[in-house]
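Line order of the protein sequences matches chains F and E.
The first sequence begins at 11 in our numbering and counts up one residue at a time.
The second sequence begins at 2 in our numbering and counts up one residue at a time.
The set of hints was computed from the structure by calculation and includes no laboratory data.
Fair warning: this is a prediction, and the values are worked out from it, not measured in the lab.
Watch out, some of these pointers could steer you wrong.
[As the list claims (entries may be wrong)] Pairs of lysine to aspartate or glutamate residues, derived as DMTMM-like cross-links and limited to a Cα-Cα distance of at most 25 Å, are as follows:
{"#": "1", "chain 1": "E", "residue 1": "K451", "chain 2": "E", "residue 2": "D205"}
{"#": "2", "chain 1": "F", "residue 1": "K61", "chain 2": "E", "residue 2": "E278"}
{"#": "3", "chain 1": "F", "residue 1": "K123", "chain 2": "E", "residue 2": "E278"}
{"#": "4", "chain 1": "F", "residue 1": "K123", "chain 2": "E", "residue 2": "D281"}
{"#": "5", "chain 1": "E", "residue 1": "K320", "chain 2": "E", "residue 2": "D450"}
{"#": "6", "chain 1": "F", "residue 1": "K123", "chain 2": "E", "residue 2": "D237"}
{"#": "7", "chain 1": "F", "residue 1": "K61", "chain 2": "E", "residue 2": "D450"}
{"#": "8", "chain 1": "F", "residue 1": "K61", "chain 2": "E", "residue 2": "D281"}
{"#": "9", "chain 1": "F", "residue 1": "K123", "chain 2": "E", "residue 2": "E233"}
{"#": "10", "chain 1": "F", "residue 1": "K61", "chain 2": "E", "residue 2": "E416"}
{"#": "11", "chain 1": "E", "residue 1": "K322", "chain 2": "F", "residue 2": "D109"}
{"#": "12", "chain 1": "E", "residue 1": "K320", "chain 2": "E", "residue 2": "E459"}
{"#": "13", "chain 1": "E", "residue 1": "K304", "chain 2": "F", "residue 2": "E63"}
{"#": "14", "chain 1": "F", "residue 1": "K123", "chain 2": "E", "residue 2": "E395"}
{"#": "15", "chain 1": "F", "residue 1": "K123", "chain 2": "E", "residue 2": "D231"}
{"#": "16", "chain 1": "F", "residue 1": "K61", "chain 2": "E", "residue 2": "D231"}
{"#": "17", "chain 1": "F", "residue 1": "K123", "chain 2": "E", "residue 2": "E439"}
{"#": "18", "chain 1": "E", "residue 1": "K451", "chain 2": "E", "residue 2": "D143"}
{"#": "19", "chain 1": "F", "residue 1": "K123", "chain 2": "E", "residue 2": "E440"}
{"#": "20", "chain 1": "E", "residue 1": "K407", "chain 2": "F", "residue 2": "D109"}
{"#": "21", "chain 1": "E", "residue 1": "K322", "chain 2": "F", "residue 2": "E63"}
{"#": "22", "chain 1": "F", "residue 1": "K123", "chain 2": "E", "residue 2": "D143"}
[Stated by the list, open to error] Which chain E residues face chain F? A few, computed with CB under 7 Å, are given here:
{"#": "23", "residue": "T272"}
{"#": "24", "residue": "E278"}
{"#": "25", "residue": "V291"}
{"#": "26", "residue": "T295"}
{"#": "27", "residue": "I297"}
{"#": "28", "residue": "G363"}
{"#": "29", "residue": "E367"}
{"#": "30", "residue": "V370"}
{"#": "31", "residue": "T379"}
{"#": "32", "residue": "P382"}
{"#": "33", "residue": "N386"}
{"#": "34", "residue": "G401"}
{"#": "35", "residue": "Y444"}
For glycine and all other residues, C-beta sits at the position ideal for the given N, C-alpha and C.
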Amino acid sequence: MRGDRGGVRRRKDGRTEGRKGRSRRVRLVELAHARSGDKGDTANVGLIALKPEYYPILVEQVTAARVARHFQGMITGPVERYELPNLHALNFLLHGALDGGGTMSLKTDAQGKVFSTALLRLELDIAVPR
Amino acid sequence: MTPRRGQPTVRIAAGQGFWGDWLEAPYRQVTGGPIDYLMMDYLAEVTMSILQKQKSRDPTLGYATDFLPLTERLLPLLVTRRIKVTANAGGVNPRACAAAVAETARRLGLAGKVRIGVVTGDDLLGRLDGLLARGHALTNLDTGRPLHEVRDRVLSANAYLGAWPLAAALRQHADVVITGRVTDTGLTLAPMIHAFGWGPDAWDLLAAGTVAGHTIECGAQCSGGNCLVDWETIPDLANVGYPLVEAHPDGTFELAKHPGTGGRITVAGVTEQLVYEMGDPTAYITPDCVADFTTIRLEQAGKDRVRVSGVRGRPATDKLKVSIAYFYGYKAVGTLVYAWPDAYRKAQAADRVLRQRLADLGLQFEAIVTEFVGADATHGPLARNSLALDELPEVQLRVGVRSPDKAAVERFTREIAPLILNGPPSVTGFAGGRPRPEEIVAYWPALIDKQVVEPCVEIVEV
Numbered sequence: 011m012r013g014d015r016g017g018v019r020r021r022k023d024g025r026t027e028g029r030k031g032r033s034r035r036v037r038l039v040e041l042a043h044a045r046s047g048d049k050g051d052t053a054n055v056g057l058i059a060l061k062p063e064y065y066p067i068l069v070e071q072v073t074a075a076r077v078a079r080h081f082q083g084m085i086t087g088p089v090e091r092y093e094l095p096n097l098h099a100l101n102f103l104l105h106g107a108l109d110g111g112g113t114m115s116l117k118t119d120a121q122g123k124v125f126s127t128a129l130l131r132l133e134l135d136i137a138v139p140r
Numbered sequence: 002m003t004p005r006r007g008q009p010t011v012r013i014a015a016g017q018g019f020w021g022d023w024l025e026a027p028y029r030q031v032t033g034g035p036i037d038y039l040m041m042d043y044l045a046e047v048t049m050s051i052l053q054k055q056k057s058r059d060p061t062l063g064y065a066t067d068f069l070p071l072t073e074r075l076l077p078l079l080v081t082r083r084i085k086v087t088a089n090a091g092g093v094n095p096r097a098c099a100a101a102v103a104e105t106a107r108r109l110g111l112a113g114k115v116r117i118g119v120v121t122g123d124d125l126l127g128r129l130d131g132l133l134a135r136g137h138a139l140t141n142l143d144t145g146r147p148l149h150e151v152r153d154r155v156l157s158a159n160a161y162l163g164a165w166p167l168a169a170a171l172r173q174h175a176d177v178v179i180t181g182r183v184t185d186t187g188l189t190l191a192p193m194i195h196a197f198g199w200g201p202d203a204w205d206l207l208a209a210g211t212v213a214g215h216t217i218e219c220g221a222q223c224s225g226g227n228c229l230v231d232w233e234t235i236p237d238l239a240n241v242g243y244p245l246v247e248a249h250p251d252g253t254f255e256l257a258k259h260p261g262t263g264g265r266i267t268v269a270g271v272t273e274q275l276v277y278e279m280g281d282p283t284a285y286i287t288p289d290c291v292a293d294f295t296t297i298r299l300e301q302a303g304k305d306r307v308r309v310s311g312v313r314g315r316p317a318t319d320k321l322k323v324s325i326a327y328f329y330g331y332k333a334v335g336t337l338v339y340a341w342p343d344a345y346r347k348a349q350a351a352d353r354v355l356r357q358r359l360a361d362l363g364l365q366f367e368a369i370v371t372e373f374v375g376a377d378a379t380h381g382p383l384a385r386n387s388l389a390l391d392e393l394p395e396v397q398l399r400v401g402v403r404s405p406d407k408a409a410v411e412r413f414t415r416e417i418a419p420l421i422l423n424g425p426p427s428v429t430g431f432a433g434g435r436p437r438p439e440e441i442v443a444y445w446p447a448l449i450d451k452q453v454v455e456p457c458v459e460i461v462e463v
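Isolated chain F (complex conformation):
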């Protein structure tokens, strides 16, 4: 069940109940690891499932639109997503993420080295088996 859909009731223990059954809110860091780098003013974030069975959850929930919302105010351009099912990984290109990038940027993370960890803060609602 997706967290941003209607019909969801949050329980005291942080789990939610809805039409399709129970779900649990997790941070992406519990499901995936990541590494990022730069190409000019674009940061890339490679997101890798910690277990192969998590990969479909990433594909379904960590969409380009969702990632763009997550980074709202931190990037000026669009987000692209590519799938690497062979590596259980997704690759995101975050355009306009680095204040011009490289030598131009005034940011601490001018080369987007830790953008990956910022993505791992994303919260997802994942189904809990009954």
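Position chain E against the provided structure of chain F, taking the given hints into account.
Chain E alone, transformed into the frame defined by chain F:
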């Protein structure tokens, strides 16, 4: 080349992931176990313009000078063990680099024992006006702007050459191949082309060698360094083993490291490196081929050993990437540290004071960027919302400015220190002194027709 498990194997060791990487790594790669090639990557995009500046002051400079003490230390071992070297240490002056290495070799008594291959032809700086006049616009790949807009500020321009000129040097029995701007992956692919006799249209094989190059081009970043997955359990990073590629003629290879070294080589860690600086994974474009990273198969083949297979490739394009550096303007970054209580709010107040003073002085900046290190510098608002901001023991105020006007940036650097006595309280951390204005050398990526770039291979006998 040594036979192993029925297939010949060539061992290529990564010794340097960038200019400034661990000085001990190449020595350990040469002495820690059997290898056939030592691969060293020195050139980041901005490096070429720095080297071009050095060359303009002294025509015998313009290469990675760290390469010389390294060759002094390693050459006798390399000769004894018959290990060959591929390195893009030549920067914008590979011939001068080769001459200096030759002199080192002679001084070490290695005359007649070392052949140096020199790859040039990548440097387009002297040809730029001719190329522009003949209709090569060298349009910026990111912005779409034509190069003539910044032509008078261009500091360096280099096409990325691929593996083939290096392979040609190896075929002419070069022991040390020194290049200018070649792709990082080409330094690893070339020994495979040479050892296995791969053809120029063996796209799957060339793609496999390219993937091998990508995995080890950042040194220890594929053997436990900067590795997030299970990072706290990665053993003995103090003695981290840099990666080796054990390549086979069929394009499969294993990633490994010398026995007794620290770090870790796992499928998860190698995957992290594969996605590093990745664009469209189905089209990893090099001068040699287009590799499809969605075809890569990884399997754990033993402790600290990952087997890579299945790589597919497509024909190379008819373009080469050109890396152009040009003078953009000036920047400076100033920092101050504010302490509890209210560390974050004090830093915010100081930022407001600073910005008002800059505005009152009428200084013009293209950008002013404020970060509160400890609160939001790397994760922005994502972290700020979940922190007990009032309780932070300290926050570093970090303000950067960028401008074409050097005087404005210079004046900014003089507005930081006064805040210590005339701004918000509990401030420290100015021991480094006034920040210095820095020149910004910006990067201009472009494409050029392959046919107008002519790689040149020479052999220098020692």
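Here is what the structure says about each hint:
1. K451(E) with D205(E): holds (21 Å)
2. K61(F) with E278(E): holds (23 Å)
3. K123(F) with E278(E): At roughly 10 Å apart (the allowed maximum being 25 Å), E278(E) and K123(F) satisfy the hint.
4. K123(F) with D281(E): Holds. K123(F) to D281(E) sits at ~19 Å (cutoff 25 Å).
5. K320(E) with D450(E): The given pair, whose Cα atoms are some 5 Å apart, holds under the 25 Å limit.
6. K123(F) with D237(E): Holds - the C-alpha atoms of D237(E) and K123(F) are around 23 Å apart, at most 25 Å.
7. K61(F) with D450(E): violated (44 Å)
8. K61(F) with D281(E): holds (23 Å)
9. K123(F) with E233(E): holds (19 Å)
10. K61(F) with E416(E): violated (52 Å)
11. K322(E) with D109(F): Given pair K322(E), D109(F) holds - Cα atoms ~23 Å apart, limit 25 Å.
12. K320(E) with E459(E): holds (24 Å)
13. K304(E) with E63(F): Holds: K304(E) and E63(F) sit about 24 Å apart, inside 25 Å.
14. K123(F) with E395(E): At roughly 24 Å apart (the allowed maximum being 25 Å), E395(E) and K123(F) satisfy the hint.
15. K123(F) with D231(E): OK: K123(F) and D231(E) at ~18 Å, within 25 Å.
16. K61(F) with D231(E): Since the Cα atoms of K61(F) and D231(E) sit roughly 13 Å apart, the hinted pair holds (cutoff 25 Å).
17. K123(F) with E439(E): holds (22 Å)
18. K451(E) with D143(E): Holds, at roughly 20 Å.
19. K123(F) with E440(E): holds (23 Å)
20. K407(E) with D109(F): This hinted pair holds, its Cα atoms lying about 19 Å apart.
21. K322(E) with E63(F): violated (39 Å)
22. K123(F) with D143(E): Since the Cα atoms of K123(F) and D143(E) sit roughly 20 Å apart, the hinted pair holds (cutoff 25 Å).
23. T272: Check passed: Cβ of T272(E) comes within 5 Å of chain F, closer than 7 Å.
24. E278: holds (4 Å)
25. V291: Because about 15 Å separates V291(E) from the closest Cβ in chain F, which is outside the 7 Å limit, the hint is violated.
26. T295: Result: holds, 5 Å to nearest chain F Cβ.
27. I297: Hint holds; I297(E) Cβ to chain F Cβ min 6 Å, cut 7 Å.
28. G363: Result: violated, 21 Å to nearest chain F Cβ.
29. E367: violated (9 Å)
30. V370: holds (4 Å)
31. T379: holds (5 Å)
32. P382: Given a least distance of 6 Å, the restraint on P382(E) holds.
33. N386: This interface hint is violated because 10 Å lies over the 7 Å limit.
34. G401: holds (3 Å)
35. Y444: holds (5 Å)
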